[in-house]
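**Student:** Chain by chain, the residues run as shown.
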Amino acid sequence: MLIRPVGEDFRVIGFYLGRIFLVVAAAGLLPLAWAAAAGEWHPFGSFLVMVGLFSLLGVGGVKLAPEDHQLDWSHGMVVVALTWLIVPVIAAVPLLASGHFGSPLDALFDSVSGLTTTGLSVMSDLDHLASSLNFWRHLLQFLGGLGIIIAALTVFAGAGGITLYFGEGRGERFLPSVTSTARFIWRVAVLHLFVVVGALTLVGWIVLGFDLDRAAFHGITMFLAGFSTGGFAPQSTSIGYYHSAVFEAVAAVSMVAGVMSFGLHHSLWRGPRRDALANLETRTILSTFGLTLLLTILGLAATATFTSVSGLTRQGFFQLFSAHTTTGWSTISPTELSNWGGLAFAGMAIAMALGGMGSSTAGGVKSLRVGLTLKAVVNQVRQAILPERAVVGISYYQSGVRHLTHDVVVAVMTISLLYVALYLLGAGVGMAYGIPLELALFESVSASATIGLSVGVTDPSMPVMLQIVYMLQMWAGRLEFLALFSLLGFLYSWVRGK
Amino acid sequence: MRRSSLLFLVVTAFVTATPVQASGTSDVTVAEVIQSGSELDGERITVEGELIGDYGFRDDGWMWTQLNGDAYVSDPIGEGGSPVGGNTGIGIRMPTHLGDDLDPPGRYRNRGPIVRATGIWTYHDPGRQGESYLKVESLSVIEAGRRMPQEADWLVMIAGLSLVTGAAVLWLTLESSNVTRPFRRLSGI
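Going down the list, the protein sequences come from chains A and B. Residue numbers for the first sequence follow our numbering, beginning at 897 and rising by one. Residue numbers for the second sequence follow our numbering, beginning at 23 and rising by one.
Just so you know, the hints here were simulated from the structure itself, not pulled from any lab data. Predicted model only: the values in this text are computed from it and were never measured. Everything hinted at is true.
Quick partial rundown of chain B residues pointing at chain A, CB under 7 Å, derived from the structure:
| hint | residue |
| --- | --- |
| 1 | G75 |
| 2 | F79 |
| 3 | I99 |
| 4 | N109 |
| 5 | G111 |
| 6 | G113 |
| 7 | Y130 |
| 8 | G152 |
| 9 | M179 |
| 10 | A181 |
In silico SDA-like pairs for lysine to any residue, Cα to Cα no more than 20 Å straight-line:
| hint | chain 1 | residue 1 | chain 2 | residue 2 |
| --- | --- | --- | --- | --- |
| 11 | B | K157 | B | H119 |
| 12 | A | K959 | B | S198 |
| 13 | A | K959 | B | L194 |
| 14 | B | K157 | B | I142 |
| 15 | A | K1271 | A | V1304 |
| 16 | A | K959 | B | W193 |
Glycine is no exception: its CB is placed at the ideal position from the N, C-alpha and C atoms.
Isolated chain B, as found in the complex (with noise of 0.2 Å):
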């Protein structure tokens, strides 16, 4: 066999042997599509992340939410995750009824549903003024949303009560001493 033709062979046989040729999509992370935005545009991607803020079904039949994918996904500060940098995350759109039975989005104390989404990655569309988004196709649940739970600090609390308590203290004591009126002062009058 002539070397091209070998060379022929084993190139094709890489090419559809990769996954990502194979079904049409790549997987990328969410940073990857921020940092690539305008080289993948128009492919067909599939990005892991969490579903964040509101959930907007708009009467043209698409919903609008947002898909973070940075370090909070799997270690969330309500649950002990330390503070590692800002969220990283992009805007997806979606056919309303792929959102409709989704759990609620990632908020405070709220983990939102971890979900793996494939779509056209668009960027600057000119349909839509140059927004960039996903626009998806399908969406699996990887994990499903859940409530963080966060209870209050009873040592902060305490130590506010205090404090708002020695001011009003000082304060009523002042006004009763007549040494200074804080009230009148403080009305200028």
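So here's chain A without its partners, still in its complex pose (with noise of 0.2 Å):
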């Protein structure tokens, strides 16, 4: 029987809610301080707004609290899943009043588009865009690549956390508790931002030429585009506008660090490090990548797009590798992307719907889903060639021996599959509006996966509904499902209920 959710569960849900919306109340200070730095007084009023708002919910939901404020699971899945759709929405009251936005719906796009790692965009006039929105679109991304509930439960520890935790998309916790957990991603987060952010801001002043200012606010900007692998970036022309393979090599020590896992963190920093390159995740992520990168380089130099080696091999190991990180910089133009055929296409797509790792900031199925699809497909092609009664155990190593059960394949093909109907949805939706099957499947998997790379479907004169559906995909892929069912759950129970 379906139990109908009573004042008790809302009073639960918003004290955690509220206890989350003060820590994005906090993060808001950030941009709120640059406009100030930088006399940009038209967006500090905008941002004042924004944290206004959040702070009042934050309070609010604070004093709804009951006295036993337990988290349940379905309540942690709730919060995260609201939290994700109403963060996005009052993040982007900013970004609407800067007029760059041409509806509401437009800066609710961006908004979503940062938060959820992706990076497509639907903004007008970038590059005459206020430093300080910029850094608050970059700082979305970062926000959402680590987590939001990771940044809340940095901050606060309790019950209930671990719930919020994994209603994320974390499959994994390499500490005791998840409060140390949550505060070893921040350090591992915070450490590259200081290391990249200065390589980054050195090579603009001195290899690039820029004022120190103004790489200062690149390095800035990149790295937490890079890191969050979201993609986003402070010029129209993306990571292209730098022109140097210096600036690319350095911003892709940021995508290695977002795509990789912070269990792989862990274990680098902290544990043998001889498990890193053991783990299954690991070889798979680089079996994909290898295969997919010779799709690409292949199909490139069949159609010959580039004319030189050197011009193969770095144009097209950039764009392959921004796509399997499901970062999404581009050094080429949407519209010269869009004439990549053949195997090339391919060899993007298919890296671009695998993606990173599980635990990173990286979307898409994830690595060791595929190893674990693929290990288990061959389980089964094993057994129908062996004796009716051999009994084959399929192993893997992921931190140490594990045995693949049966429970494990099942959730493991599940999500792959839900997925691929992710994919397809918003590429039949394309389809529906007159674009042609390979662009929309190309734009669909890469607002499901969470990479941002465009092949020109998304811009402000896109069709509403298709805006509408990149949104949900990316909210849902960003979330990896969990907490979209349980949220649709709790809605159903609600009305449905006794």
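Since each chain sits alone in its own frame, please combine them into the complex, following the hints.
**Tutor:** Structure, rendered in structure tokens:
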């Protein structure tokens, strides 16, 4: 029997939402301070409104607190889903007030795209956007990549944290408590922030010849987008703006750090480092990267897209690397990318669909699921060949030897199939609007796997329905469905429960 | 006169009278360069637009920047222009002396200089690992850059201050009323 949620359930959910909103309000002080320092008073006002809204909702939520605020699994998932629904709406306020969007839906689209670390954009005239707003877009990606909940868990401890942690698409906890895991994730992020921002700033200043303050601005924004595998960039021509292989190489460090699972970071920092390479997930992502790179390079060579080996290597490698890490930066225009046909296009699309590692800032199906699916398929084939009574067990190495159980296979297959369904859904809607199959599929995968590479479908003139579908895809893809289904279940119980 | 000779004369006259051929360059828009990048490879072209972002003066004697040729060149959002789509820009590379006296590039509150640049469109340059850009040979400023004043919206500012103050008052009221302890709850004590 379905049990209808009562007032106490809503108070528990409101309480945790309130705590999270207060943390996001605190994050909103950063662009507010940036705007004040840069004398950008127009965006300053809109940041004040945003911080005020988050604060009011936060304090209001905490006021709803029941005496016993234990968070069960269902409540936690609903909190996560609602957080990821409400935060982008309020975070879109400064974007909308900037005048760079044609409608509130456009501003919301960029906010969702930012927070889910997708990187697709329908913004007009990015090149004249205020630096504080540009910083906010990139900070949104950073918060979304690490996880808003992770940010909140770092600040407050307590019961229920584990539910919130897993609800945000995290598959593993590599330290005893969720809070210590969350704090480790932040330590990794902050260390990379100092190193990569410093390196990018130096490259911008010394190699590219930018003014020092501008070099720092580019360094900060590009790191925030790279580490979160988000793909926003402060200029409209993405990373191609810099015309520098050195800058791309340093930025790629942040992409690698972002696509690695935080468990792998932990192994590299503290654990036996051999584990990192022995893990099924690492071996899978290296294999799929190699295969899709080969496809892409062969495709580009066959069509003579680049006339030099150095051009083929640098451009082919970077686009594919950006696709597989789900970052979404590009050194070429969407028009040019849409002309990559055949094998190169297939290589890019497959890399995007597979995505990065689990428990990282990356999107897509995720390497561990891909590896486990392949193992399960091989096992099925082996069982078909062997005598009927033969029993074949499957084990794999992922921070220790593990056995692949039936339950794990079902869970892995289910999520993988849901991703495929999500890819097809967006492609179908795109085709209904007259977009050719390959372009519709590419853009749909880009939205669902939170990549951000575009072949030109996403722009301010795109159909409203397609825009809404892409937003849902980004949301579902980032949260890996679990929180989405929990929210739907909660709403259904509210309507039909007794 | 034979018909073929007449045709030859007409064609020759037409070709030599065309300004594009006479000067050896063709006027194209930035959008056309992006759309037909490979077809224009190696051609001397002239494009107009706004210089954007940064001037990167590099040690090798070249300066890099971006040239936008979109609607915001004539109707910047900062001066009441409508948001009508994304930017349309290409990378340009010029000898540093051409960029020495340019006004600051276009950014927030800054309309960059509107220029007319002539140079060789280089598509997937093998010497630069496949980059595409305009190698500028000559540059003339059509319109100087200028500041675009953007003032605070006081209504929005007051609304923001009211919301923040409201949240602070609510917070302090709850603290003093001792009904709930948000600070304690937030920190998990």
